[in-house]
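Student: Place chain B on chain A using the hints.
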Amino acid sequence: MSFSVTEPTKGTKWFAGILVVAYACITLVPLLWIVATGFKSPVDSIAYPPVVVFEPTLEGYVNLFTDRTRATEDMLEAAGPPTTWYDEIARERGTVISGPSRYGQRFLNSVIIGFGSTALCMILGTMAAYAFSRFKVPLKDDLLFFILSTRMMPPIAVAIPIFLMFRNLGLNDTHLGMILLYTAVNLSLSVWLLKGFIDEIPVEYEEAALIDGYTRFQAFYKVVLPQAATGIASTAIFCLIFAWNEYAFAVLLTSGTAQTAPPFIPTIIGTSGKDWPAVAAGATIFLVPVMVFTILLRKHLLRGITFGAVRK
Amino acid sequence: MTYSPIDRAAAKTPDGVARRIRGLSDRTIAWIFVAPTIFLLLAVNIFPLIWTIRLSFTNFRVNRPNNAVEWVGLRNYERILTDPDVWNTMQATAHFLIWTITLQVLIGFTLAYLINKKFRGNDLWTTIIVFPMMLSPAVVGNFWTFLYQPQIGLFNYVVAFFTGVDPASFSMIGDVHLAPWAIVIADTWMWTPFVMLICLAGLRSIPDSIYEAAECDRASKWRQFWTITIPMALPFLMLAVLFRGIENFKMFDLVVQLTGGGPGNTTTLTSIDLKREAFEKWRTGYSSAYAVILFVTVFGLASIYVKALNKVKER
Numbered sequence: 002m003s004f005s006v007t008e009p010t011k012g013t014k015w016f017a018g019i020l021v022v023a024y025a026c027i028t029l030v031p032l033l034w035i036v037a038t039g040f041k042s043p044v045d046s047i048a049y050p051p052v053v054v055f056e057p058t059l060e061g062y063v064n065l066f067t068d069r070t071r072a073t074e075d076m077l078e079a080a081g082p083p084t085t086w087y088d089e090i091a092r093e094r095g096t097v098i099s100g101p102s103r104y105g106q107r108f109l110n111s112v113i114i115g116f117g118s119t120a121l122c123m124i125l126g127t128m129a130a131y132a133f134s135r136f137k138v139p140l141k142d143d144l145l146f147f148i149l150s151t152r153m154m155p156p157i158a159v160a161i162p163i164f165l166m167f168r169n170l171g172l173n174d175t176h177l178g179m180i181l182l183y184t185a186v187n188l189s190l191s192v193w194l195l196k197g198f199i200d201e202i203p204v205e206y207e208e209a210a211l212i213d214g215y216t217r218f219q220a221f222y223k224v225v226l227p228q229a230a231t232g233i234a235s236t237a238i239f240c241l242i243f244a245w246n247e248y249a250f251a252v253l254l255t256s257g258t259a260q261t262a263p264p265f266i267p268t269i270i271g272t273s274g275k276d277w278p279a280v281a282a283g284a285t286i287f288l289v290p291v292m293v294f295t296i297l298l299r300k301h302l303l304r305g306i307t308f309g310a311v312r313k
Numbered sequence: 004m005t006y007s008p009i010d011r012a013a014a015k016t017p018d019g020v021a022r023r024i025r026g027l028s029d030r031t032i033a034w035i036f037v038a039p040t041i042f043l044l045l046a047v048n049i050f051p052l053i054w055t056i057r058l059s060f061t062n063f064r065v066n067r068p069n070n071a072v073e074w075v076g077l078r079n080y081e082r083i084l085t086d087p088d089v090w091n092t093m094q095a096t097a098h099f100l101i102w103t104i105t106l107q108v109l110i111g112f113t114l115a116y117l118i119n120k121k122f123r124g125n126d127l128w129t130t131i132i133v134f135p136m137m138l139s140p141a142v143v144g145n146f147w148t149f150l151y152q153p154q155i156g157l158f159n160y161v162v163a164f165f166t167g168v169d170p171a172s173f174s175m176i177g178d179v180h181l182a183p184w185a186i187v188i189a190d191t192w193m194w195t196p197f198v199m200l201i202c203l204a205g206l207r208s209i210p211d212s213i214y215e216a217a218e219c220d221r222a223s224k225w226r227q228f229w230t231i232t233i234p235m236a237l238p239f240l241m242l243a244v245l246f247r248g249i250e251n252f253k254m255f256d257l258v259v260q261l262t263g264g265g266p267g268n269t270t271t272l273t274s275i276d277l278k279r280e281a282f283e284k285w286r287t288g289y290s291s292a293y294a295v296i297l298f299v300t301v302f303g304l305a306s307i308y309v310k311a312l313n314k315v316k317e318r
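In order, the protein sequence lines correspond to chains A and B. Under the working numbering, the first residue of the first sequence carries the number 2, and numbering increases by one thereafter. Under the working numbering, the first residue of the second sequence carries the number 4, and numbering increases by one thereafter.
Just chain A, with the same shape it has in the complex (with noise of 0.2 Å):
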């Protein structure tokens, strides 16, 4: 067995250990509970003390899905007997099902908008990060600590000319505004991030294929872009967590049409109090996604964080 001065020894290691799962269990109470409650009744999500075990129902997840109104005992009776199981749940509380909620199109909205301006995002930052990485461009520093400043200035600060422009524009509450709009907030993130990882990429690589006859631009999508995909798809989770989660544009530029999930999300309440199984399963649906993009990012989480000022 080999020896060495630093490491740990196997006594240190329990230790360490126990207190960080300890840590990781009580970080993690909070979204195990947004999770459980969403599965919860109503009485049983309000009950005292809280309850750990319950009988799961899917009330919360019909309640965030559709609209319904209360009905009377002749009412119920004219409607004939519920169809569906997600019909049967709503009758058990007296309500009949009157039509989808909104929660299925802002959702939708979200995911649009995602991906939209990450596609663009990618685009547009491919393209400048490449060329602040291989060219001598004149202010090259002076552009990169601009293109990061954009990232400093808090966004109510910005919101109110934008949001002037916007409406001269036409473009308040449309999705092509808010594409627009996260594409500038990550360009700066997906530029200085994707930067370190053309940087990383060997230019021998590129001179060669220079020297065999390619083009610059072949060159650069034959050789360049290859080499750096888990770059690229790292950087692009990164812009879609980014402007999944954004708020505080999302809640003041858009209200209806374009509005995402998260400013929606608050604004659900039921018809006695607010309904806290149905915005913990809307909470779920939203954040479960996250979880899992962070799982495949594990490796590049802290480049990400840190705009590629530190890497492993």
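Please note that a few of the clues may not be correct.
BS3-like mimics (lysine-lysine), calculated; alpha carbons at most 25 Å apart, straight line [stated by the list, open to error]:
#, chain 1, residue 1, chain 2, residue 2
1, B, K121, B, K224
2, B, K121, A, K14
3, B, K224, A, K14
4, B, K316, A, K141
5, A, K223, A, K137
6, A, K141, B, K224
7, B, K310, A, K14
8, B, K120, A, K141
9, B, K284, B, K120
10, B, K314, A, K300
11, A, K11, B, K224
12, A, K14, A, K300
13, B, K120, A, K11
Keep in mind that the hints were calculated from the coordinates and are not lab data.
Tutor: Frame of chain A; chain B shown alone:
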């Protein structure tokens, strides 16, 4: 044989154009690649900023477009800087900043130090700890109001369980003294992993050989910690503080969902106050001046800090 889209595009391009594209100098290509990014940033960031600065010298109100817009010079700035309410929000922001950063650095660094002991499965647990910071602050903040409910909330239950106080006797969000701490707790829960990740990178960047040399010199573990670990991880720690400082100075989504700035004005951070002035009271000119002041403050403090950071790095 397969053709990539670019091959097909190349085949269809007329000879003359193709020759011209092939003949583009690197300098031209560089500009073609950089221009769209710069253009978009100018349009969505710089143009609005200049507009904000212009508006800040006027009494313009968005909700009264027919009123004559007058130049008022520096009056908006004067009013903001002499307004005691603004200074109160600055104080609330300072309280929030100081406590979140202190707690996050202490807990984050400790966690990173423990994880760096390389116990089995440390990668898995690191990923789990990171979850909160990747989630939507608005959605999570909204749910924390549920955890903070007196009587039924999980947070109150846990506090009651360990201390024996009545869970209905205190309200984290409704109490003037507790609300500032409610937002500190939620933010610390959410962003400690951020500091942890950066500290971990710092600790992992220290070469083993330095510790081996210290062992040879019979330096105690305690001494090694203060003379090797801390100084070498310091630039990383400072970077984490910079990022958290800028982010929390801009803090809006988490806190607005948690407390909405209340009760009273106890948790009205500057961003929340600015939003009220701009989008609820519609004092556009006044709030533009407010925005400029905030931006100058962040930018000024950040550049001073970066200078200090570079000095530490050079050591």
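Student: Taking the hints in turn, state whether each one holds.
Tutor: Okay, the hints, checked on the actual structure:
Only pairs whose Cα atoms come within 25 Å are accepted, and K121 (chain B) paired with K224 (chain B) is accepted, the gap being roughly 17 Å. Under the criterion of a C-alpha separation no larger than 25 Å, the hint pairing K121 (chain B) with K14 (chain A) is consistent with the structure, at around 7 Å. Our distance criterion of 25 Å between C-alpha atoms is met by K224 (chain B) and K14 (chain A), whose separation comes to about 16 Å. About 23 Å separates the Cα atoms of K316 (chain B) and K141 (chain A), which keeps this hinted pair within 25 Å; it holds.
Taking the CA atoms of K223 (chain A) and K137 (chain A), the gap is near 22 Å; set against the 25 Å cutoff, the hint holds. Of the pairs offered as hints, the one joining K141 (chain A) and K224 (chain B) is violated, with about 45 Å between alpha carbons and a cut-off of 25 Å exceeded. Restraint check for K310 (chain B) and K14 (chain A): not satisfied, since their Cα atoms lie roughly 38 Å apart, outside the 25 Å limit. Restraint check: the Cα-Cα separation between K120 (chain B) and K141 (chain A) comes to about 41 Å, which exceeds 25 Å; the hinted pair is violated.
A distance of roughly 54 Å separates the Cα atoms of K284 (chain B) and K120 (chain B); the hinted pair therefore is violated under the 25 Å criterion. At roughly 30 Å between alpha-carbon atoms, K314 (chain B) and K300 (chain A) are farther apart than 25 Å, so this suggested pair is violated. Restraint check for K11 (chain A) and K224 (chain B): the C-alpha separation of about 16 Å stays at or below 25 Å, so the hint holds. Pair hint K14 (chain A) plus K300 (chain A) holds up; C-alpha atoms about 23 Å apart against a cutoff of 25 Å.
Between the alpha carbons of K120 (chain B) and K11 (chain A) the distance comes to roughly 10 Å, so the proposed pair stays at or under 25 Å and holds.
In summary, the structure is inconsistent with hints 6, 7, 8, 9, 10 from the numbered list given earlier, while agreeing with the others.
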